[in-house]
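Protein chains: 2
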Amino acid sequence: MTRIRPILTALLLGLTAVGHAETRATGDLGLVIERADGGLKMIETSGNTVLSSIEGLGDLSHASAVFSRDERFAYIFGRDGGLTKVDMLQGKIAKRIVQSGNSIGGAISQDGRLVAVSNYEPGGVRIFDADTLESVADLPADYGDGKLSKVVGLVDAPGNRFVYSLWDAGEIRIADMSDLANPKVRKFENIGKQPYDALITPDGRYYIAGLFGEDGLALLDLWQPDQGVRRILPDYGRNDEKMPVYKMPHLEGWAMAGDRAFVPAVGRNQVLIVNSNDWSEAGRLEVSGQPVFVMARPDGRQVWINFAFPNNDRIEVFDTLTLERITTLHPGKGVLHMEFEPRGEEVWVSVRDDDQLQIYDTATLKQVKTMPARKPSGIFLTHRAHKIGL
Amino acid sequence: MTRIRPILTALLLGLTAVGHAETRATGDLGLVIERADGGLKMIETSGNTVLSSIEGLGDLSHASAVFSRDERFAYIFGRDGGLTKVDMLQGKIAKRIVQSGNSIGGAISQDGRLVAVSNYEPGGVRIFDADTLESVADLPADYGDGKLSKVVGLVDAPGNRFVYSLWDAGEIRIADMSDLANPKVRKFENIGKQPYDALITPDGRYYIAGLFGEDGLALLDLWQPDQGVRRILPDYGRNDEKMPVYKMPHLEGWAMAGDRAFVPAVGRNQVLIVNSNDWSEAGRLEVSGQPVFVMARPDGRQVWINFAFPNNDRIEVFDTLTLERITTLHPGKGVLHMEFEPRGEEVWVSVRDDDQLQIYDTATLKQVKTMPARKPSGIFLTHRAHKIGL
Numbered sequence: 001m002t003r004i005r006p007i008l009t010a011l012l013l014g015l016t017a018v019g020h021a022e023t024r025a026t027g028d029l030g031l032v033i034e035r036a037d038g039g040l041k042m043i044e045t046s047g048n049t050v051l052s053s054i055e056g057l058g059d060l061s062h063a064s065a066v067f068s069r070d071e072r073f074a075y076i077f078g079r080d081g082g083l084t085k086v087d088m089l090q091g092k093i094a095k096r097i098v099q100s101g102n103s104i105g106g107a108i109s110q111d112g113r114l115v116a117v118s119n120y121e122p123g124g125v126r127i128f129d130a131d132t133l134e135s136v137a138d139l140p141a142d143y144g145d146g147k148l149s150k151v152v153g154l155v156d157a158p159g160n161r162f163v164y165s166l167w168d169a170g171e172i173r174i175a176d177m178s179d180l181a182n183p184k185v186r187k188f189e190n191i192g193k194q195p196y197d198a199l200i201t202p203d204g205r206y207y208i209a210g211l212f213g214e215d216g217l218a219l220l221d222l223w224q225p226d227q228g229v230r231r232i233l234p235d236y237g238r239n240d241e242k243m244p245v246y247k248m249p250h251l252e253g254w255a256m257a258g259d260r261a262f263v264p265a266v267g268r269n270q271v272l273i274v275n276s277n278d279w280s281e282a283g284r285l286e287v288s289g290q291p292v293f294v295m296a297r298p299d300g301r302q303v304w305i306n307f308a309f310p311n312n313d314r315i316e317v318f319d320t321l322t323l324e325r326i327t328t329l330h331p332g333k334g335v336l337h338m339e340f341e342p343r344g345e346e347v348w349v350s351v352r353d354d355d356q357l358q359i360y361d362t363a364t365l366k367q368v369k370t371m372p373a374r375k376p377s378g379i380f381l382t383h384r385a386h387k388i389g390l
Numbered sequence: 001m002t003r004i005r006p007i008l009t010a011l012l013l014g015l016t017a018v019g020h021a022e023t024r025a026t027g028d029l030g031l032v033i034e035r036a037d038g039g040l041k042m043i044e045t046s047g048n049t050v051l052s053s054i055e056g057l058g059d060l061s062h063a064s065a066v067f068s069r070d071e072r073f074a075y076i077f078g079r080d081g082g083l084t085k086v087d088m089l090q091g092k093i094a095k096r097i098v099q100s101g102n103s104i105g106g107a108i109s110q111d112g113r114l115v116a117v118s119n120y121e122p123g124g125v126r127i128f129d130a131d132t133l134e135s136v137a138d139l140p141a142d143y144g145d146g147k148l149s150k151v152v153g154l155v156d157a158p159g160n161r162f163v164y165s166l167w168d169a170g171e172i173r174i175a176d177m178s179d180l181a182n183p184k185v186r187k188f189e190n191i192g193k194q195p196y197d198a199l200i201t202p203d204g205r206y207y208i209a210g211l212f213g214e215d216g217l218a219l220l221d222l223w224q225p226d227q228g229v230r231r232i233l234p235d236y237g238r239n240d241e242k243m244p245v246y247k248m249p250h251l252e253g254w255a256m257a258g259d260r261a262f263v264p265a266v267g268r269n270q271v272l273i274v275n276s277n278d279w280s281e282a283g284r285l286e287v288s289g290q291p292v293f294v295m296a297r298p299d300g301r302q303v304w305i306n307f308a309f310p311n312n313d314r315i316e317v318f319d320t321l322t323l324e325r326i327t328t329l330h331p332g333k334g335v336l337h338m339e340f341e342p343r344g345e346e347v348w349v350s351v352r353d354d355d356q357l358q359i360y361d362t363a364t365l366k367q368v369k370t371m372p373a374r375k376p377s378g379i380f381l382t383h384r385a386h387k388i389g390l
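Residue numbers (the numbering used here), protein chains in the order written: chain A, 1 to 390; chain B, 1 to 390.
Note that these hints are calculated values from the structure, not bench results. All values reported here derive from a predicted model rather than from experimental measurement. Please note: incorrect hints may appear among the correct ones.
Remember, identical chains collapse to one label, so a pair may be satisfied in a single copy or spanning two.
Lysine-lysine pairs mimicking BS3-like chemistry, simulated, CA-CA at most 25 Å apart [to be verified]:
(1) K387 / K366
(2) K366 / K184
(3) K366 / K95
(4) K375 / K92
(5) K92 / K184
(6) K333 / K147
(7) K333 / K369
(8) K369 / K247
Make the full structure from the sequences, and use the hints.
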């Protein structure tokens, strides 16, 4: 057998090398950010299990993820400027760069070839080749007399465009990357003070920035950019009651249900209801804390709301037809994020202080499973690959 | 080496058995029906290539496909009653049954566990375990004095429900499969004569059946089923001009763009525009043939329209904002189907009589690639797995 062993070893090594990547489909995969440890849990939503852990992603506070169009690779944007490409079939980091000192979010282009990162410090948007993570373009957030602005609210839009807002400059910009050698940046100035986050509607048509320094919100119709940015919900402002803001809400989570959008109010125990036909206010939901994420079940019939400290131990679920509260769930301390499965039958919840992932059936509103995770925060499922603006 | 060979052979066989399934992601895969040969082409949309051919699926005229929630398996519904489960990682048929003599379409439940098939002859809906294809339930389409109706317009809806229409009975039915041992079927009678196909809106709320035997369309609000079925577009009828109908349009292709739905008219060279806020008619597009599929680009900015014989050599593209025709494409004879890539940057077109698949860039409206396929008809991409009603 002595002569056989090296051959066997070689074959087995070959098998390992070839077979290291899992043979499995990727449509039901997801990643959970484990912020305290700089790690990820890879999950799957068909059997509701944790598949593996991935380590070494740096500072993952406020981290987010986007996915390659084949749903194999994830791009994780870390707070330390780290951009990490994860191979979900191999369950490991494929490539990692640190692209700046302080990043806040990212996006992937419509064609899947470009990954964009928005930065606080130095302010700007950097664009990378999705395959190699090599730098492709640098879009500085310069304004006024050579100043640099923090960039927030970066999203992808149809036509291989990225749209983002400049906190310090009060601007919205559209970067058209359809000709890579010649990116075209269009600027919209004086959109309002301190845009703090933004969303794009699921069809990619309307870009809406929340304003921290003024009343109302700034809306840009990307189908008709020549009309410029206009103010909507002028009667809504965070300043009139001078409430302390415990945590800035996330606008990416704005929920669309039919022709109604549900928007977390800043610093108030309210969710704004907006008529998306004319962007007028259509009412408010009174909730029991400052809302952080307001997420619509994919069919739009329910919105799920989590809250800033000290009310971050609960989730309120509202019926979008009756506008009544259906239930209040108490998953535990530190409910940070919720992610619906693609067709909405279940929702995953991260409960940071209890080191838990929890899954709820959205029809019965009952918890169906709990799994351990280390200080989980953001949950991202691969079907986002197929969505505009996610 | 004589003693080594059997070991090597065993190992290599093992490797083949293990390694036969492709290690690749499934988010960018798709299948094209090759109707004349009872086969499929497996395609991928990142590099725009044909990966393989799969044979032996029986009569695939009027065939359609749905996908498992992990995007690994496809379920193909053939006209001969065949239900074939295809493993896209292995590139082969995983299981095949012939479940009736004449089927017309199918759907997969929200939780991915059930596959439903609607049948012409004998009329009814049969429900199978998505894993094993074993029969789970039989929902006869009985009406009146023990008669059986053809079933059309079968779709999935949130809450593990299936919704379908009875051509002969003039009924819409909702089958709630959330308790498998006790399916609940709710009947809505007298909805209009000869419902011929139906659609469900992308949020899963409204089920709308086209009527062949009467004016208007039948609408059921699945959020408020107690309100019953009501007639919409009462001024639209196919009968008033007695035009011959060359091919029944497909309603599954109804396009939603913002609060406008674009609907192929039966027997007329028109596309109806419907206001989805109140389901009133909001106008018509004049087109150059009887429309078959009216498909919205995923961002809703364009609708692409193909036509019945003798105008099945062209595609008309309209701008949904200006309602103007942007272009008329001439792919060739027998343009049967169009499928947009998930975020809409490209669209695949099957051109039957030229044995071609063609891909168009939806921004430039130019053809970017052509590939051979044998009499291609339906094109189905895996991202449908994540959609309600597809």
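Verification of the hints:
no., hint, verdict
1, K387 / K366, "between (28 Å within a copy, 24 Å between copies)"
2, K366 / K184, "between (49 Å within a copy, 22 Å between copies)"
3, K366 / K95, "neither (39 Å within a copy, 35 Å between copies)"
4, K375 / K92, "within (20 Å within a copy, 42 Å between copies)"
5, K92 / K184, "neither (35 Å within a copy, 46 Å between copies)"
6, K333 / K147, "neither (41 Å within a copy, 59 Å between copies)"
7, K333 / K369, "within (17 Å within a copy, 54 Å between copies)"
8, K369 / K247, "neither (28 Å within a copy, 49 Å between copies)"
Violation of the numbered hints given earlier is confined to hints 3, 5, 6, 8; the remaining hints are satisfied by the structure.
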